[in-house]
Amino acid sequence: MFITPKPTLLWLQAITCNGNTHSFLNHPDLFSILSHFEIVHHPSLESSYTMEDVINGEVPCDVLILEGSFIDEGFLKAGVEVSSLIHTYATKAKHIISAGTCATFGGIFKQKDPENISGFCFDLEEKTSRYDTYASKLISLPGCPMHPKWMSYVLLMLAANKKIAIDNLHRPVELYGYTVHTGCTRNEYFEWKIDTKNYGLKEGCLFYEQGCQGPYTRGSCNKILWNDISSKTRAGTPCFGCTEPTFPKASLFHTQTNMGIPAKMPLGVPRRAYLTLTGVVKSFKIKRFTTRLLEYDE
Amino acid sequence: MKSVKIKQLIEKIEGEAELDFTFNDGLIEDVKINFGFYRGIEEILRGKDARDALVITPRVCGICNHAHLLAAVDAIEDGYKKAGQNIVLSSKAKDIRAFTLACELIQNHIKWFYMTIFPQLEAYVEVKSEVNYAMKATYLASTITKALAIFAGQWPHSSYAVPGGVTCDPTHLDVMQAQSLVDESIRFFEQVITGLSLDDYLGIDSVSSLGKIEGDFGNLLYMMGSHHMSEIGQSYDRFIVFGECGLSKAGKSIVTNVSNVDVRYVKEALQEGTVAKAVSYKERLYEVGPLARGMVAKTPIVKSLHKRYKDSLLTRVFARVHEVALLLDYSKTLLQNLELDAPSCTLERGTELSDFEGTGVVEAARGSLIHTTTVKNGLITNYEIITPTQWNLSHGNEKEQGIAIKAMVGSKTMEEATFIFRTFDVCSVCTTQ
Ligand code: SF4
Ligand code: SF4
Numbered sequence: 001m002f003i004t005p006k007p008t009l010l011w012l013q014a015i016t017c018n019g020n021t022h023s024f025l026n027h028p029d030l031f032s033i034l035s036h037f038e039i040v041h042h043p044s045l046e047s048s049y050t051m052e053d054v055i056n057g058e059v060p061c062d063v064l065i066l067e068g069s070f071i072d073e074g075f076l077k078a079g080v081e082v083s084s085l086i087h088t089y090a091t092k093a094k095h096i097i098s099a100g101t102c103a104t105f106g107g108i109f110k111q112k113d114p115e116n117i118s119g120f121c122f123d124l125e126e127k128t129s130r131y132d133t134y135a136s137k138l139i140s141l142p143g144c145p146m147h148p149k150w151m152s153y154v155l156l157m158l159a160a161n162k163k164i165a166i167d168n169l170h171r172p173v174e175l176y177g178y179t180v181h182t183g184c185t186r187n188e189y190f191e192w193k194i195d196t197k198n199y200g201l202k203e204g205c206l207f208y209e210q211g212c213q214g215p216y217t218r219g220s221c222n223k224i225l226w227n228d229i230s231s232k233t234r235a236g237t238p239c240f241g242c243t244e245p246t247f248p249k250a251s252l253f254h255t256q257t258n259m260g261i262p263a264k265m266p267l268g269v270p271r272r273a274y275l276t277l278t279g280v281v282k283s284f285k286i287k288r289f290t291t292r293l294l295e296y297d298e
Numbered sequence: 001m002k003s004v005k006i007k008q009l010i011e012k013i014e015g016e017a018e019l020d021f022t023f024n025d026g027l028i029e030d031v032k033i034n035f036g037f038y039r040g041i042e043e044i045l046r047g048k049d050a051r052d053a054l055v056i057t058p059r060v061c062g063i064c065n066h067a068h069l070l071a072a073v074d075a076i077e078d079g080y081k082k083a084g085q086n087i088v089l090s091s092k093a094k095d096i097r098a099f100t101l102a103c104e105l106i107q108n109h110i111k112w113f114y115m116t117i118f119p120q121l122e123a124y125v126e127v128k129s130e131v132n133y134a135m136k137a138t139y140l141a142s143t144i145t146k147a148l149a150i151f152a153g154q155w156p157h158s159s160y161a162v163p164g165g166v167t168c169d170p171t172h173l174d175v176m177q178a179q180s181l182v183d184e185s186i187r188f189f190e191q192v193i194t195g196l197s198l199d200d201y202l203g204i205d206s207v208s209s210l211g212k213i214e215g216d217f218g219n220l221l222y223m224m225g226s227h228h229m230s231e232i233g234q235s236y237d238r239f240i241v242f243g244e245c246g247l248s249k250a251g252k253s254i255v256t257n258v259s260n261v262d263v264r265y266v267k268e269a270l271q272e273g274t275v276a277k278a279v280s281y282k283e284r285l286y287e288v289g290p291l292a293r294g295m296v297a298k299t300p301i302v303k304s305l306h307k308r309y310k311d312s313l314l315t316r317v318f319a320r321v322h323e324v325a326l327l328l329d330y331s332k333t334l335l336q337n338l339e340l341d342a343p344s345c346t347l348e349r350g351t352e353l354s355d356f357e358g359t360g361v362v363e364a365a366r367g368s369l370i371h372t373t374t375v376k377n378g379l380i381t382n383y384e385i386i387t388p389t390q391w392n393l394s395h396g397n398e399k400e401q402g403i404a405i406k407a408m409v410g411s412k413t414m415e416e417a418t419f420i421f422r423t424f425d426v427c428s429v430c431t432t433q
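Line by line, the protein sequences are chains S and A.
All the letters of the first sequence, read from the start, carry residue numbers 1 to 298 under my numbering.
All the letters of the second sequence, read from the start, carry residue numbers 1 to 433 under my numbering.
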């Protein structure tokens, strides 16, 4: 019987914290997903080649996963520029997945050397000189880190030979069509413009004071949940917009306002519409939203 | 006498490292440890809002990000206190922080045990089992980080600890879910790792009863014992711990003598030829990590192993795996005693200070992690991070070779030396930040 060989998968790291690696290792179905591929190299999983083979450019690569931000010169592995390794395998690969905000847009580490450090195909939102060469095979999975299920979605779609619909920044629309606000347990408070009175409370929304960027950050964090159980905003932490090209902005625990109104509007919402709704909503005082959700001792 | 130099790339650690070995007459006499890329997190932090450190510093490291968060918040709280702001955390906030940190340590140790030590030891002793160790590691690691995420929202890279407490407001339902995830992790420890009930395992207090341990840990001990790993990998027998928590006490241990420490005597120095900085305490090098915690806290089984096998590879490996049992037991107790009706955050909104300097210390998986933040007009003017691997993996100073280097010196082969190297649970990203 003729057996078609599995597509080969290479996970390559540039300037990174390894966060996407560990995020993906948390996937509950990790090994069934990986069973569709031959892992030629991975930072921690058993692989069919060594890092030295990878550096020698000898390794086959159908799917290239890139983790970490990109620099042309100055980051070497065993004497070889990592950028040249990336070019070697990006040329060989049929698909390139940029895993995380660093690999996609530049991320945190870009701030160390904004002139020279960027994402592989994007520098913030701008296309890099590499974009045209690799755009046809590029899938972006921004997120700091990316959610493990975003990666498994892409891998399984590729394994099944299905076409992945993407937006202008090459993000799969099924994953990034939502905002982080979608599915947050604080939605009612958002609607009624009720801010949380402090950290550590179930009640209230974090958009008005605490800097939550959920309404204008793309990602399905609150739809599929982190570690299959929770999310930042559910745990009372503002969304820091970690999937966006602008991540990380300044003053992450603080909402910038203009005359008391959040400076940045929910995705696609005109300021006038927002103000109109706010005016209406604020003219009512609804008791349920001003008391604690659960009282144990009444 | 013939001196030979050989380079070796070490992979499947956190990141990669390059070791330059110098052999003399067939024995290793020196090793240079080189890590990749300096990412400059400390520089990135300058000019940012004080609390942004709670978001930025976890990105130092994908595997110990939570420890960075807790060190960062501890540094801010210390700064507030020194500037006169009274902060008293509720017992709930303290216990939740301790719990989530314990979960991260368990996750780390288990990945190291199954994904670093097992495959490398098998390669070293030339046995090839068909066991999928990574599957065992990721099962337990994802179970326990799920318990963490109930409180912290997610792992990796949560920022749920804020000055004055934590951002979550858990219910009994949340706590029960976390409890069953801890129970599941304990079941795994009992059935797969040791073949003993957790209580029976914790009852082991001397070398003579190690034979009771079965399961994967039993196998590992057997393999290590039959390859004389109790005789290699010794360093200076000098240990230090700065973080105080339910499991660890601060102090230093030299051979068997335990005494107090003060974080002000810690010094960081640039080293030539590498982007990693070296640290010392009163000019001397110390080992940090689970073995250090065991020695300073005088954990009976660790002391018993140490008495017989010194700070050998066997003792070092044992101390780390043993910590998993202690942490499981500890996290269970923390959840049982959680006072849910206490406030999560005791600092009122809008009471942030804008001028302070503070130091935070946390026991991370690999040892003491220290953050120091200096804030003026609300903005960070200076930030310093000292990671555990900087203690263990430094080149050393004029007087002595670094901790891990000392442990490798005298080895006959690179295979032996690199295995010793890995028992320090090497993390290149933390070392170079
Ligand atoms: S995007 Fe975030 S998680 Fe990913 S490598 Fe960069 S810092 Fe780490
Ligand atoms: S906390 Fe953030 S994500 Fe949740 S409802 Fe408010 S704005 Fe939306």
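Treat the hints loosely; a few may be bogus.
Said to hold, decoys possible - Restricting the straight-line Cα-Cα distance to at most 27 Å, the calculated cross-link-like pairs of lysine-lysine (DSS-like) are:
#1 K249/A <-> K136/A
#2 K376/A <-> K112/S
#3 K94/S <-> K249/A
#4 K376/A <-> K249/S
#5 K94/A <-> K202/S
#6 K112/S <-> K277/A
#7 K136/A <-> K6/S
#8 K112/S <-> K249/A
#9 K94/A <-> K197/S
#10 K332/A <-> K197/S
Claimed, not checked - Sample of chain S residues at the chain A side, in silico, Cβ under 8 Å:
#11 N18
#12 S23
#13 I108
#14 F284
It is worth saying that the hints were derived from the structure and are not from the lab.
For clarity, every value in this text was computed on a predicted model and none was experimentally measured.
All C-beta atoms in this analysis are idealised placements derived from N, C-alpha and C, irrespective of residue type, glycine included.
To see whether the hints hold, each was checked on the structure:
no. : hint              : result
1   : K249/A <-> K136/A : 31 Å, violated
2   : K376/A <-> K112/S : 21 Å, holds
3   : K94/S <-> K249/A  : 53 Å, violated
4   : K376/A <-> K249/S : 19 Å, holds
5   : K94/A <-> K202/S  : 19 Å, holds
6   : K112/S <-> K277/A : 18 Å, holds
7   : K136/A <-> K6/S   : 24 Å, holds
8   : K112/S <-> K249/A : 36 Å, violated
9   : K94/A <-> K197/S  : 21 Å, holds
10  : K332/A <-> K197/S : 31 Å, violated
11  : N18               : 3 Å, holds
12  : S23               : 6 Å, holds
13  : I108              : 5 Å, holds
14  : F284              : 24 Å, violated
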